[in-house]
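Enquirer: Each chain, written out:
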Amino acid sequence: MDFEKKYLKNIDWSILLILFFLAVYSYIGISGASQENPLEQKQMMYYVMGFTVMIVVLLFDYTWIAGLSYILYGIGILSLIGVLFAPEINNAHSWYKIGGYLIQPAEPVKLFTVMAIARYLSKRDETGKPIQNLIDLGPVFLFVLVPMGLIFIQPDLGNALVFTGILTTMLIAGGTPLRYLLSMVGVVVAGLASLILVYQFNPDLFFKIIHEYQWNRIVSWIHPEQDPVGTGYQLIQSLIAIGSGQLLGRGIGEDTQAKYGWIPVGESDFIFTVIAEQLGFIGASVLIFLFFFMIYRMVRIGMESRDSFGAYFVSGVIGMFVFQIFENIGMTIQLMPITGITLPFISYGGSSLLTNFVIVAMVINIGMRRKTLMFD
Amino acid sequence: MNENQKQKPHIPQRLNYIFLFVFLFFAALILRLAFVQLVHGEEYRYESQIMSTKTLPIAAPRGRILDRDGEVLVTNKPVFTVTYTQSQNIEVDEEELADKLASYLDDMSAEEVLTAMKGNGPKYIPRRIKVGLSEVEISRLVEHRTELPGIQVIEDPLREIREDAEGGGIASHVLGYIRQIRADELDEYMARGYRNTDRIGVIGLEKYYEDQLKGKDGEIEVKVNKDMETIERRVQIPPVPGNDLILTLDLEFQDKVEKILADSIKQIQNDPRNPRPYVEKATAVAMNPQTGEILALANYPDFNLNDYYEKGYSTIAGRELNLAIGSPHLVGSVVKPASAMMGLQEELITPSTTIFDRGYLQVGDRKLWNWRTGGHGRVDVQRAIKVSNNTFFYDLSLRLGNYPESVTEYKTKFKTVDYYFSQFGLGVKTGIDLPYEKKGYFSPYRQLGNLAYSLIGQQNSYTAIQLAQYVSTIANDGYRMRPYLVKEIRRGTIGEETLGPVLMKREPEVLNRVDIDSKYIELVQQGMRMVTETGGTGYWAFYKTPYTVAAKTGTAQNWQGDDHSTLIAYAPYENPEIAIAVIVPFGGSGSDTSGPIARKILDAYFGVEPEESQ
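If you're matching them up, the sequences are chains A and B in order. Numbering follows the numbering used here, in which position 358 of the first sequence is assigned residue number 358; successive positions increment by one, without gaps. Numbering follows the numbering used here, in which position 133 of the second sequence is assigned residue number 133; successive positions increment by one, without gaps.
Keep in mind that the hints were calculated from the coordinates and are not lab data. Just so you know, these numbers come straight off a predicted model, no measurement behind them. Just so you know, even glycine gets a beta-carbon here, dropped at the ideal spot from N, CA and C. Treat each hint with caution, since some may be false.
[What the hints assert, rightly or not] Incomplete in silico selection of chain A near chain B, CB under 8 Å:
#1 MET54
#2 ALA241
#3 PHE281
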C-alpha cells in the first residue's frame with residue numbers, strides 16, 4: 001500500500017461533493033415516487049456502502065487494479081452467461097437472487113469492459129504502433145460485442161446499448177483515425193437511410209426486418225397521443241408530470257402525479273420525472289449541471305492521467321455515463337425513445353450504485369495518482 | 001515509471017472532442033427540458049389537474065314524507081348498487097365482463113347481468129345492474145375492481161316506505177314512486193340540472209312535489225390516483241337535502257280506511273250467500289270539509305312500494321292507478337242534491353214543489369222509471385233526496401228543458417247542469433296536489449232522456465275526489481275548497497330526527513263560493529240528513545251512530561255489469577268535520593255496499609268501536 005499524503009491532496013474533492021448532492025437528489029426522487037415500501041433509506045444505505053467501497057478502491061494503485069482487467073472481464077462474461085440460466089425475474093434473465101438481494105451482473109460488466117478495452121489500448125500504445133486498420137480495432141469491438149450480445153438476449157436493451165456509448169468514446173480517445181470514425185458514422189447513417197427507404201417503398205419487407213413492437217416503440221415516441229392509455233402512456237404521463245413542475249416545481253412531498261402513481265417505475269427508470277416535477281426546471285437543470293460538471297472533472301482527470309490506461313479508462317467511463325444520462329433523461333422528455341435504462345447515482349438499485357461508485361473511485365484513483373509536476 | 005506508459009499525445013485532443021459532444025448532449029437536454037417545463041408547463045399542469053382531480057357530485061338526500069303527526073311514511077335507506085358504464089375509448093368484452101360480474105354476485109346469471117349491462121338508450125348512461133348489494137358482494141367487487149372495467153359500486157339511496165302491521169303499504173297511491181330517468185327524458189332532465197343516474201318522481205306526491213323533494217346535489221373534489229382510487233376528498237359544496245313534506249293524512253286513520261276497503265271487498269267477493277268475485281275495486285276519500293285537508297285517500301287494490309323498489313315494476317303493474325283521482329265512474333244518485341239545488345236556484349221548483357210519483361215518467365218518447373217501480377207517491381225535494389226518488393228529477397229535467405213547450409230548448413240546458421255541478425267540483429279538476437287528476441268523463445249523448453239522466457248521475461262520470469269536494473261544499477255551506485295532501489313543507493335535514501323549519505304552510509283555499517242561495521243549501525243539507533233517518537236510503541247503514549250523519553247514496557246502472565255503488569256523507573251534521581266519498585265499481589246498490597264502508601270509515605274517524613254502534 002503506497003498511500004501518500006499528496007494523493008489525499010490530489011483527490012478530486014469536487015466529484016465527491018457532487019456525489020453527495022446526487023445522494024440528496026436520489027433521496028428526493030425515490031421518496032417522491034409512489035412506493036409500497038419506502039426504498040429511499042435502503043438507497044442511502046447503498047450510498048454509505050458505496051463511499052466505503054470507494055475508500056477501499058482508493059487504497060490500491062489503479063495500475064495494480066488495471067492488471068486484473070482481463071481476469072475481471074472474464075469473470076464478468078462468465079457471470080453474464082450464468083445469469084441466462086438463472087430463474088426469470090420480470091420476464092428477463094438479468095438478475096441473480098442471492099439472500100433476498102437481486103444482483104445484476106450487467107452493471108459490473110460495464111466497468112470490466114471499460115477496463116479491458118483501456119488495458120488493451122494502452123498495451124497497444126506501448127508497442128508504439130498507431131492504429132493502421134480495422135483489424136487493429138478488432139479486439140476492441142470484440143470486447144464490446146460479447147457482453148453487449150449477452151445482455152441483449154437477457155433481454156435488457158437499455159444496458160446493452162450503453163456499450164455503444166462506451167465503444168464510441170473509447171474509439172475516439174483511442175486514436176482511431178478520423179477516416180475510420182467518419183466511415184463508421186457513414187455506415188450507421190447509411191443503414192438508417194436504407195431502412196427509411198425500405199419503409200417508404202416496401203413496407204412488407206420493412207416489417208420483416210423490424211419487429212412490429214420495435215416499430216411501435218418509435219411511433220409511440222413521436223406520437224404518444226395516438227395510444228394514450230397503451231404504448232404512449234408512460235411518455236405522456238412523464239411529460240405531464242415534468243411539465244407541470246414548471247419553473248419552481250410543485251415542492252418536495254407535495255401532491256404530485258408521481259405520488260398518485262401516474263409515473264410507473266418512478267424510483268428507477270423514470271426517477272428524473274419525479275425529480276423534475278417536484279423541483280421544477282431549476283432543480284432539474286441543477287441536477288443536469290451536476291452531471292455535466294462531474295463529466296467535466298473526469299475529462300480533466302483523463303487529460304492529466306499519468307498513463308494511457310487512465311485516459312482510456314476515463315473516456316470509456318464518460319461514454320458510459322453520458323449515454324445513460326442522455327438516454328435516461330432524454331426519454332422522459334421525448335428527446336429519445338423509451339428504453340429501460342437507469343439514471344446513474346439517482347435511480348434506486350444497489351448493483352448499479354455500487355458499480356458506479358467503484359467506477360468513480362477508479363476515476364478519482366487515476367486523478368489522485370496523476371502526473372507529478374516537475375517542481376512538485 | 002516506465003516512459004512507455006506515458007500518455008500518448010493524441011489523447012488530450014481526442015478528450016476535447018469528446019467533451020465537445022458531451023457539451024452538445026447536455027445542452028440538448030437543458031433546452032428540451034426548458035421547452036417542456038417553461039414553454040408548455042402551463043398546459044401540462046392543467047392536464048395533470050384534469051387527470052388527478054375529479055369533481056364528483058354528492059347526492060342530496062331526497063326529502064322525507066311524514067304524516068300529520070310527524071310519523072315518517074317515506075325516508076331513504078342507504079343501499080349499494082353496482083352500475084356499469086360503457087367506456088367511450090376502451091373496448092370491453094361485455095360478455096366476459098358479465099360472466100365475471102355474475103360470479104361475484106349472489107343471485108344473478110351471466111345472461112341477466114348482460115341484459116342489465118346492455119340496457120336501453122345512450123351508451124353513457126350508467127346502468128344499474130343490481131340494487132341492494134350485500135356486504136359480501138361489495139367486498140368481492142371492490143377486491144376485483146381492476147378486472148371489472150366500467151363497473152362501479154355506488155351509494156344509491158333508495159326510498160324506504162313505512163309498512164302497516166301486516167307488511168303491506170300505506171297510502172301507496174298517494175305517495176307514488178321514483179325511478180331512474182328514461183333515455184327519452186334524459187335531455188329534458190339534464191337541462192334541469194339532473195344527473196343521468198338520478199331518480200325522479202313519476203307519480204303521486206313524489207312527482208307533484210319533485211322540485212321540493214329533490215334537493216340540490218353537492219360537490220366533492222376528489223384526488224385520484226392512476227387506478228382512480230380516491231386519495232383525498234374535499235367537500236366543495238355540501239348537498240342541500242330535499243325538503244320534507246308533512247301530510248294532512250293521519251297514518252293510523254289512513255291505514256284503517258285501507259283495511260276497511262280491503263276487508264269489505266274481500267267479504268263481498270267471498271260472501272257465502274252471494275259471492276260477487278267481480279267486485280274487485282273500491283276507492284274512498286275523506287276530507288275535512290272546512291279546510292280541504294285530505295284525511296284519507298285509499299284505493300283497493302293497493303300495493304307495497306317497498307316491493308316495487310326491491311323487486312321492480314312488475315310487483316305493482318295493473319294496480320298503480322290512483323282510482324280516487326284517475327278513474328271516473330257513473331256515480332248515480334249522489335248527484336241529486338246538486339240537481340235539487342240547481343232546480344231551486346233556477347226557480348224551476350220551490351221547496352214546496354211536489355210531484356206525484358207513479359213509478360215512472362214519460363220523458364219525450366220513452367218512459368223513464370223510478371228505481372222503485374211502485375213509485376214513492378207524493379214527493380217534495382227533500383223527500384226526493386231522502387228516498388232517492390228518480391221521478392222528481394225526471395220532472396225537474398222537463399222543467400229545465402221547458403219541455404214539451406219547447407222541443408229543442410233542452411239541448412242548451414246540459415250546459416246549465418254542468419255549470420251548477422262544476423261549482424261543486426263535479427266535472428272539473430278539484431286542484432288536489434297530485435298529478436294526473438282526471439276531469440271526469442262527459443257523455444256525448446244529448447237526447448232529452450240524457451238531460452234527465454244527468455240529474456240522477458247516469459250521464460257523466462266523476463271521480464271519488466270530485467265527489468269528496470262536492471259533498472264538502474254542501475257540508476260547509478257552499479264553499480268549494482281545494483283538497484290538499486301536503487299541509488307543510490319543512491326544510492330537509494341530514495341525519496337528524498327533528499324536523500327543519502317550516503318553509504310553507506298550506507292555508508285552506510276557497511276555489512269558489514257556489515252560486516246558490518244559502519237557504520237552498522240548508523234545505524238540501526236537511527234532505528241529506530233525512531237520508532240517514534227512518535225511511536231514508538242510508539238509514540240502515542248509519543243506524544244508531546253516536547254522531548249525526550248527512551249522506552246520499554248512489555247506485556249507478558252501467559252497461560258493463562252490476563251497478564256501481566256510491567255514497568257521499570259528512571258528519572257531524574251540525575258541525576261537519578269529515579266529508580267522505582266512496583265508490584265501489586260493480587258493487588251493487590249504494591246503501592248495501594258503499595254504505596257499510598262509509599259507516600266503518602266514520603266509526604274509525606270518530607273512534608267508535610264497531611260493537612258500540614250496531
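Enquirer: Run every hint past the structure and note whether it holds.
Expert: Hint-by-hint comparison with the structure:
The beta carbon of A/MET54 is not positioned within 8 Å of any beta carbon in chain B (closest approach about 23 Å), and the interface hint is therefore violated. At its closest, the beta carbon of A/ALA241 sits 7 Å from a beta carbon of chain B; the interface hint therefore holds under the 8 Å criterion. Restraint check, A/PHE281 versus chain B: the minimum CB separation of about 4 Å is within 8 Å; hint holds.
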